[in-house]
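Undergrad: Please take these sequences and the hints and turn them into a complete structure.
Residue numbers (numbering that gives the first Met the number 0), protein chains in the order written: chain A, 0 to 817; chain B, 0 to 414.
Hint data in this document are derived by calculation from the structure and do not stem from the laboratory. Glycine residues also receive a C-beta, built at the ideal position from the N, C-alpha and C atoms. One thing to keep in mind: the hints can contain errors.
[Stated by the list, open to error] Below, in silico cross-link-like pairs of lysine-lysine (DSBU-like), each with a Cα-Cα straight-line distance of 35 angstroms or less:
id	chain 1	residue 1	chain 2	residue 2
1	B	K128	A	K536
2	A	K316	B	K288
3	B	K393	A	K432
[Claimed, not checked] To be clear about the criterion: a stretch of chain A counts as covered by chain B if any three or more of its residues have a C-beta under 8 angstroms from a C-beta of chain B, and this derived list gives those stretches:
id	segment
4	206-215
5	765-778
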Amino acid sequence: MSLIENNTTPPVSIIVRTKDRPKLLKRAIQSIAAQTYRPIEVVLVNDGGCDLDIEELKTILGNVSLNYQRLAINTGRAHAGNVGIENTKGEYIGFLDDDDEFYPEHVETLVAFLIRTDYKVAYTDSLMAYKEYDPVKCELTEVKKELIFSKDFNYSFLLFENYIPFMCLLFESKAIKSAGNFDTSFDLYEDWDLLIRIGERYPFYHIKRVTADYNQWSNELQISQNNKEPLFLKQSYLKVLSKHMDKITINRIQHYMSEHVATRNALNELNREFKRYMDEQRPKDYEISNLAAKINKLEGQIVGNKVVIEEKDTQIKHLDTALRNQNIMLTEIEAALQEKEAIISAMINTKGWKLLEKYRKAKNYAIAPLDGVKKGWILSAKGLKVLKNEGLNSFIRKLNKKYLFNKAIKKLPEPIELISPSTPLAINPIDSKISIIIPTKNAGDEFDYTLRKIVQQEGIGEIELIVIDSGSKDRTIDIARAYTEKVFQIPPEDFHHAKTRNLAAEKAEGDFLVFTVQDAIPVGSHWLYKLIEPLHKDIASAVSAKQIPRSDADLYACWSYWAHNIGFMGHDQDHLYNSSLFPNFNEIDSQTKRIMATLDNVCLGVRKTVFDMYRFEAAYAEDFELGIQLLKDGHTIMFQSSNAVIHSHNRPAIYYFNRSYIDSVSLSGILHTERKNIPASIVMEAIIFLYCLLKMSIVSEMELNLNKEPAVFIRSILNNLNERVGSANHSPQLLKGDQLFDEFFSEISPVNHAVIVSELYSIFIINMQSFLEFIKRYSSMSSVKDDIVLSVYKIFSNTAGHFIGVNTTEKLDFKRRI
Amino acid sequence: MRILIGVHQFFPNHYTGTERYVLNLAKQLQKFGHYVKVLTYAFREQGLVRRGHAVGIIRREYSYEGVPVIAIRHEEQPDDLSFVFDFIDAGIYNEAKAIFKNEKFDIYHCAHPLRIASSIKAASDSGVKVVFMVTDYFMMCPQGIMLRSDNTLCNGPDNGKNCLRYCFTNVHNARMQDRITNAQTLLNCCDQLLSPSQFLISVFNHTGFIPSERFILARHGFDYAKKLTHFFKESGEIITLGYIGTVQYHKGVHIMVEGFKKAREQNPKIKLQIWGGAFHETEYQDRVKKLAGEDSNVVLKGQYDFNDVENILKNIDIVIVPSIWYENAPLTITTSLAYGIPVITSDIGGMKELINNGENGLTFKVGDPLDLSDKINMIAENPEIITKFKRNIKYPIRIEEEAFNTELVYRRLLS
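TA: In structure tokens:
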């Protein structure tokens, strides 16, 4: 009783709303009288119910004062509550419904807390008491009691769930009044709505102590939400949500939902634990059946919970949508109204209107069309009814539905305008004609795309497209004709890398020529501009840009570009090459020449006058040969790393064998490098020998290491191969095998064979080391699994083709076999 | 080059446009021979068993389609994580710093700062060059899309005042100020800002948030390798208009249906196919259905798989994109253009940027069904202009071009 002794006890008002339940009311009033706390006043609001025996209640209340408010008609809980609030005199306000009961220490517990803290609102716990009422005997029997809703204050939660029993709360009077009392448009959840508004300003404190019974009746006496129609409940719930939609931010939804997820997880965990327990107990058969039944029950609960969570989730989503739409329409109606008002006031203010006013009144009076008036009246009467019964929002919604959806044009603020780029590419258009030369054969449907990308290049005076086709059977020619008149056809057998291009160049009228191929795609819309600019400015006589792999390029294609551009050529930026740095062109080593004469017919730009003096000469590597000739005569060649075409192919391994053989033969012809004169059969033997060992290594490592990191896999193949090559070091002849084969191989000198194998092996290993370095970029096999073994064979094929090209001068034609 | 790409969430659990952008870029840069890794936040994922370098951070490394990924997460996930206010986070900062120190990246390319914003500062403090692809309006708009809670277009944060007024309550006042200050701090850590559209640059410039000089336009690429067919179809007697996208209010589907119906009064030989699910807005979808009414020429085809877009576009003569919000770099337009199909679209934002009225399609007054019906009538009465539009289409860039351009940006920063 320290509070009372200290004489610091502020007056507390308890508002009791009642209707037609005098017996229950008496119990409630008794529980107030039994409070350990004083002073208390009861504001009793009789919401249009039966007459009450006030004298009897006064007797029960003793020194608790009673302020009785009798409402003539039933006005609903919200209004009754407001009448109660308006009549309170206490510094604190609490509520008790006529069917609930406080424990004696209820008020004291709350006041004791509130007066020594800054909190304006606090609440305690209550027990849900299930009771049965026998109307004949007028007796109540308690069936069971349980603790409900004992949950700390969380505003996000409050927005979605009415989880604080209203009777458990005590408010500082100012907190309620400043929040604006109950919203009388609510028939249900008026208390929740009020809590949301108060909670926005002031946090509530949760005192974990049970101080009240929340009674749950088993029959029709109960007027609380449980007996109401589900649809009504849902609508009421939605109404609260929609009213407070502005407070429901994304993180609050997330916050709220995460609680649900946590509950669900906890339930799942519980379920799992239960299952574990079940497993342990399996030997005891009779217990199992017991536990299984329990599990079933739990699962049912979990499913039930999930359903509830899902339902809420959907509700929120639907609501969100509905609200968004509604909000927009509201804005629209308001705007439309303002507009109309403006028009009307403008009209009324005109002189003509004023002059005609009298006449109009008279006329309306005399000849008003009755039907129209009547119709109008009916409509507005309906509207008034909606307004009165369902409130403004609902009225507007109905109006929207009826008249406005079809006209739902959003009112927009002035749209933000697009500004033009502030840093446009510094371009002075090249006012020249450029001829693009493309030899074609069955270019495929993508050719249309490629040609469009070329003709749409920007910053160029005029583009002339020259297509020279050698026997296409697909749509190539049709596609080309849509873009240019200069489509020329030659028989397929006449095709020649140099001569065919020269022929096309003769037809060209441009100041500059660009040689490209049917499947090279320019990068960006200034590819051509960038390519021609150094020629136009006389910085270089010929220029090539980098090739980059397509997005569907295989590993080998990617590696070979990387190894060529970065590893061999050292190109990570633009380069200009001119032989004047060297005293004598012929003395430049062949590797440097290869780097310098970097022209490539996949993307090659050259001034026409320069080209006409040289033209292409070689049957293969004709572009490289042109580069050598230009350098010899002191021309400058440019390689652009900052400009590119997309061009790559996924080819079978055998293709690279032939291709690199031809390349190495052509290059040594152009560079006049020496080729060894070893019999082709010996070189081929070495290749076959190493190929067999490689196959064995790959097959055995695929079993062991195919699921490891790509680099680990490749390293394991190389280690395996190294062992095999080491142990079979001398020659196959030394191994005892098939007699006829051994005789066949005996013609080959063992020493020669060992040397040539180890030469081939070491070149292959150098390439593989580079591939190993490249493959480190990939952290798992998932995307390269199909590709990685094929890549090893392609590298071998490429190595072998080159190897045979530099080691034998015998004429070989693999193409026919391939 | 050693490149770390940061993104707020990643495959396999998340797969929206931004994750797709990161994956495409990472894979293509790998193909160019760069060492690429992805840093992401393991939002809502379990099983991050390894303790991170920083206190309170756990991590896991995995690989997605060959791209190595570091996924990090707070041991205790903060409440506000997905809400995005807290840009500066000691845990993320220290973890990222340790990553930059241990793995020696040359470039940090941030594709979305949500949840991992502090990694930008960590990169800058570690001397790593920072490239930031400003994918959406998130740096100035906590909602990310410049659309207010009441579904009206926003014209900028106005120092946070508009955010408080239209989307958040005053409770957030102080944090909104922090957000703006932190956003500017982070932007100042970036060596190069990229934008997928000129319009996004315009918006940041217009609102005074970032001057346009700080941006480079770097459009997202389309993966043409996945495009299998090339259409050479001429328009027939009946003209089929198509909508591809979710059926949501801000996508303006109702405007389109209304405009279409109006146009059909004059020109009966047109059809409209609407492809896309309701995406939570079933009520809106019902309204669209109701608006379409009994008209058998408006067909709601429902949900579609993005991999089927090719088959859908095969039967469409012209695509309509009627959005009533500032679409930034709309995928539907890019995809249509990649397939050579012209587009009719609203005359605002990134839509207007991609479609030049009368050149590769038509634009109509945003939200105005009457103007749209005029445009549809124009097409219906002169179907030959579809062929003209098709011829004028400039194909959107490829992912190879996107990666090449990005590589050039890196090179310039490192040189």
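Undergrad: Please go over all the hints and tell whether each is borne out by the structure.
TA: How the hints compare with the structure:
With a C-alpha separation of about 34 angstroms, the suggested pair K128/B and K536/A falls inside the 35 angstroms cut-off, and the hint holds. Taking the CA atoms of K316/A and K288/B, the gap is near 19 angstroms; set against the 35 angstroms cutoff, the hint holds. A threshold of 35 angstroms between alpha carbons decides the hint, and for K393/B with K432/A the separation of about 21 angstroms falls inside it, so the pair holds. Given as covered by chain B, the segment 206-215 of chain A fails the check, having 0 residues with a CB less than 8 angstroms from a CB of that chain where 3 are the minimum.
Counting residues of the segment 765-778 of chain A whose beta carbon lies closer than 8 angstroms to any beta carbon of chain B gives 5, which meets the minimum of three for the stated coverage.
Consistency note: the structure conflicts with earlier hint 4 alone.
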